[in-house]
Amino acid sequence: MQTGLAEVIVPELQSPFAQDTAQMLSMLLESIAGEWDGRVADLRRDNETVTAILSHLREAVGSGDRNVDAFAAVVEAIDDVLSEVGDEPVLVTDLAARNRQLNGVLEPALQRIEDVFDEAGHEALGPIRAEIYRHLRDVAGRGWSFWDMASFREYMVRHRAALPG
Amino acid sequence: MQTAIAEYLKSKLAGAPTVSVSNLYRIPGGASRETWSFDAAWNEGGSQTSRGFIIRRDPDASVLETERDIEFQVMDVAHKHGVPVPRMDWLEEDGGALERPFFVMERIDDCETSPTTVLMDPRFFQAREEIARQFVEVLAKIHAIDAKGSDLAFLGPVPAPDACAVPEIDRWDEILGRDATEPQPVLRGALRWLRRNLPRPAQRVVLTHADYRTGNFLCSPEGEIKGMLDWEMAHLGDPMEDVGWACMRPWRWLGNELIGGLLERDEFYRRYTEATGIKVDVEAVRFWEVLGNLKLAVIFITGGKSFTDGRTHSPMMAFLARNFGRLEMEIMDLMGV
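Residue numbers (the working numbering), protein chains in the order written: chain X, 1366 to 1530; chain H, 140 to 476.
Chain X on its own, in the form it takes in the complex (with noise of 0.2 Å):
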């Protein structure tokens, strides 16, 4: 598709502003093309991090009467994500979907660690939320973004190397 745009539909084009849209299209495939092989793995594996991490922070807040009366919300909406048990999806788009609903979840949950972790009476978060901002990190840094080739080159050689294997 990329060898299509740039060889045979580009030189026809005669505007900068159509030329930069047809590079872009072509990089926003790039973009595509770059997750492809691994989106059934990532999402998996995304899946069953969050459904950890949920289930962690089940645990820790199931104790101490602060945590309890400050997560109500999270752990009503945690018990009812998690006990939605199937056949493991093996389509992208039900693997998407549940990877949406885990988030939707994660979210509310991770904004109210953000209001309390450093309090008093609510020390078991600090691991939890650690555990959060790992996995947030390994999905933010997937891919090919077209700012690895410029603003955050030398970013993504240091963060590549750091990664474990």
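One or more hints might be untrue.
What the hints assert, rightly or not - Which residues of chain H face chain X? A few of them, derived with a C-beta cut under 8 Å, are:
hint, residue
1, R190
2, P322
3, V325
4, V476
None of these hints come from the bench; they were simulated from the model.
The model shown is predicted, which means the values in this text are computed figures rather than measured ones.
Built from N, CA and C at the ideal position, the CB exists for glycine as well.
Chain H: place on chain X using the hints.
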């Protein structure tokens, strides 16, 4: 469109029986408004006049909804205060001639905005130090405009020095809530972090450009910044907001730590303080960098929603909305998590 522009100019240029428009083309880039360049020629007082113009027109859908009259008026005020900005000519809020609201300004020729060109083209190498000097000087000029003056009354009440940060957090929190199509735990966590880590009160409330960076100014090969662009997010606020935005990693185009691809951070701070008398509050800058990266991510999300809603077919909107993972990494770095 060319005919419509010619008719419009004829109505605006008193005494010009005919106006001819040529070389109309759309300038690539720009996520919030369409930018068009054209040449116009007409007879004025018996002699032939020709000039280059730029039209900024509302798009079918935008990355960001901003008030074009604010942009027009702010640029007009900045121009009057000696900030290098294109001369603003006409604002048409109801669209009329061009179907969607637009404004017309002078075109500044023989300049470049592209960071790739300004920072990497050999024509500009010799001027790098001058560009860096002017980068700070122009920001200082903007921050020197009296925020309490009647010139800027259209921007609303001047916020108190300790009330600059929360409205900005609220603004981007609201836009994220409106336009996110998926959970955004990093951005949501960051918003909470921002509310718990507010900066010290602003040393002075100023006019903030709110998109001050390499890539938003017209620069000559001699290093003169002849036009500061993209003022649509300008508002009254903390000068550290502009300092923080300028320092953001997305604008360190050379891939290293040079701010805007131009100068070391410490040197930027030193020159800014020397030019403005405002001491750079390092922790405040960190706050505004976190908020700046979040703001940029939210802008991209807004564009993505326009794309998925079918309000625009611009692939740039789709592309940007898939590419803010690096911003999230930067946010988490700055938060120290």
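Evaluation of the provided hints:
1. R190: 21 Å, violated
2. P322: 4 Å, holds
3. V325: With a minimum Cβ separation of about 5 Å from chain X (threshold 8 Å), the hint on V325 (chain H) holds.
4. V476: Because about 4 Å separates V476 (chain H) from the closest Cβ in chain X, which is inside the 8 Å limit, the hint holds.
Checked against the numbered hints given earlier, the structure breaks only hint 1 and satisfies all the rest.
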